[in-house]
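Chain by chain, the residues run as shown.
Protein chains: 2
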Amino acid sequence: MSSCSSCIMGNAIFITGPTAGLAPGNTKANLVILPKDLAYDFFLFCQRNPKPCPLIEVTNIGSPIPNLTAPSADLRFDLPKYRIYKKGVLVEEVINIDAYWKEDMVAFLIGCGFTFENSLIENGLVIRHIEENRNVPMYITNIPCQPEGVFQGNLVVSMRPFAGADVVRAVEVTSRFPAVHGSPVHIGNPEEIGIQNLATPDFGDSVTVKEGELPVFWACGVTPQAVAMSSKPDIMITHAPGHMFITDMKESNYSIL
Amino acid sequence: MSSCSSCIMGNAIFITGPTAGLAPGNTKANLVILPKDLAYDFFLFCQRNPKPCPLIEVTNIGSPIPNLTAPSADLRFDLPKYRIYKKGVLVEEVINIDAYWKEDMVAFLIGCGFTFENSLIENGLVIRHIEENRNVPMYITNIPCQPEGVFQGNLVVSMRPFAGADVVRAVEVTSRFPAVHGSPVHIGNPEEIGIQNLATPDFGDSVTVKEGELPVFWACGVTPQAVAMSSKPDIMITHAPGHMFITDMKESNYSIL
Chain A
1 MSSCSSCIMG NAIFITGPTA GLAPGNTKAN LVILPKDLAY DFFLFCQRNP
51 KPCPLIEVTN IGSPIPNLTA PSADLRFDLP KYRIYKKGVL VEEVINIDAY
101 WKEDMVAFLI GCGFTFENSL IENGLVIRHI EENRNVPMYI TNIPCQPEGV
151 FQGNLVVSMR PFAGADVVRA VEVTSRFPAV HGSPVHIGNP EEIGIQNLAT
201 PDFGDSVTVK EGELPVFWAC GVTPQAVAMS SKPDIMITHA PGHMFITDMK
251 ESNYSIL
Chain B
1 MSSCSSCIMG NAIFITGPTA GLAPGNTKAN LVILPKDLAY DFFLFCQRNP
51 KPCPLIEVTN IGSPIPNLTA PSADLRFDLP KYRIYKKGVL VEEVINIDAY
101 WKEDMVAFLI GCGFTFENSL IENGLVIRHI EENRNVPMYI TNIPCQPEGV
151 FQGNLVVSMR PFAGADVVRA VEVTSRFPAV HGSPVHIGNP EEIGIQNLAT
201 PDFGDSVTVK EGELPVFWAC GVTPQAVAMS SKPDIMITHA PGHMFITDMK
251 ESNYSIL
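Protein sequence lines correspond, in order, to chains A and B.
Just so it is clear: in the first sequence, position 183 is 183 by my numbering, and no numbers are missing.
Just so it is clear: in the second sequence, position 214 is 214 by my numbering, and no numbers are missing.
Rather than coming from a laboratory, the hints here were simulated on the basis of the structure.
It cannot be assumed that every hint is accurate.
What follows is a set of in silico ranges between Cβ atoms, one per label pair, in the way DEER data are often shown [to be verified]: (1) A:Val126 <-> B:Ser206: 51 to 57 Å; (2) B:Leu90 <-> A:Val126: 56 to 62 Å; (3) A:Lys250 <-> B:Gly188: 23 to 29 Å.
Calculated Cβ distances over 12 Å to all of chain A for the following chain B residues [what the hints assert, rightly or not]: (4) Glu122; (5) Asn135; (6) Asn154; (7) Ala179; (8) Ala199; (9) Ile235.
Facing chain A, according to a computed beta carbon distance under 7 Å, are these residues of chain B, among others [as the list claims (entries may be wrong)]: (10) Pro35; (11) Leu38; (12) Tyr40; (13) Ser175; (14) Ile256.
These figures come from a predicted structure and were not determined experimentally.
The C-beta atom is built at its ideal place from N, Cα and C for all residues, glycine as well.
Using the sequences provided together with the hints, build the complete structure.
See the structure below:
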């Protein structure tokens with residue numbers, strides 16, 4: 001976190017830095033806000049692509065309150081940093097979206113891989129990008145998402161390398177979390193899913209893949225943002241990368257076994 | 001099946017009886033068809049209540065083709081029997097809905113307990129209502145669903161009694177199927193969830209609960225239909241009870257472990 005990542009105003013503490021390491025055990029979520037006229041199609045897109053777009057909550061039209069996962073929160077103010085996109089172009093980063101919120105907006109909270117990563121760690125697995133203090137490597141695959149209206153594009157995956165029995169355990173553990181991307185989508189040969197070079201990820205940082213390790217690929221929450229962005233809506237608001245919404249829900253709430 | 005439950009016309013076989021026992025291994029689904037102006041709210045209602053309303057597929061507006069789960073099917077013709085509701089009142093049972101289909105309609109396919117029942121049987125558990133050749137008992141609970149717009153009402157549950165270790169196994173097996181109601185919502189004392197008398201179910205038939213057995217309650221696919229019906233839309237079309245849509249998907253496609 002940068003040195004100006006939090007400040008105190010009155011009695012409240014405002015966090016404006018990344019959420020990594022904050023509120024351990026609480027589920028973090030990706031945020032996508034769209035106007036109502038695109039919300040139904042985006043909702044349908046998420047429903048048809050549950051691995052990259054696991055919906056944690058969809059707010060009522062015009063309401064910034066996530067009644068199910070954090071009823072005392074306000075999505076206009078309670079993320080540390082937001083990005084404002086106009087016609088698919090990033091125009092501004094802001095620490096609240098009060099000036100942008102409109103009565104026709106719908107907020108989508110989408111599950112985030114941090115949740116299953118913690119479960120992998122609790123199960124004794126070592127996550128390479130954490131060990132190497134980097135961002136997870138992410139790649140655009142050749143796997144098309146199920147399209148819906150203006151929303152279409154290819155699946156983005158995150159990659160974590162594991163060896164031997166750890167690959168098995170990684171599948172077992174993440175299978176329990178279908179609400180936060182669930183089990184991997186591919187194990188092994190990256191070229192089969194259109195990834196030419198693991199060393200040059202499309203997003204994030206590259207990590208070491210050791211002799212004998214297999215790359216394991218999970219559907220990534222960057223997918224719905226990339227897809228929404230490419231549809232160039234007049235306005236779209238998202239969290240800034242790494243600056244997630246922290247829900248009241250425990251990560252274990254999203255485990256099914 | 002009644003004696004007139006199927007007939008041959010040209011080269012095709014038309015089934016008009018219940019689907020129980022047909023296409024073993026294929027996932028059956030509940031059907032709800034609503035006009036577009038209610039579809040978004042109903043979609044949101046299902047998303048917020050995934051245990052009673054696990055969405056298998058939502059069709060494009062105006063399209064009766066379930067592209068994901070049975071792309072060669074047509075939901076206007078390919079169920080054995082339909083019910084037409086007007087303002088919440090059952091007005092007709094028909095064997096196709098060609099005359100009722102409109103360009104603004106959306107079809108929702110909702111997971112069905114038959115899928116996890118087969119898995120329970122494969123795991124060696126005996127399902128009492130099947131053993132006694134009855135319909136599963138269903139009860140309206142005192143548990144409110146998360147409301148959305150005009151769609152609100154209490155959870156309907158199905159009940160299957162099990163003893164001892166079978167209760168444990170039933171939880172384990174059904175937990176693997178979050179897309180078709182998943183794990184139970186309650187085990188034991190029926191009064192805690194507002195059920196006064198197991199012998200008088202609100203839908204279906206009563207079954208024997210033996211000494212030492214616990215009643216195990218699962219969220220039931222009757223919930224979304226009951227809720228949609230109570231909102232009295234101008235028109236709503238559903239499958240007739242027991243006359244399900246048979247998808248191309250294998251039941252095991254919906255198991256996550």
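Practice item. Enumerate the violated hints, using their earlier numbering and listing them in ascending order. Key: 7, 10, 11
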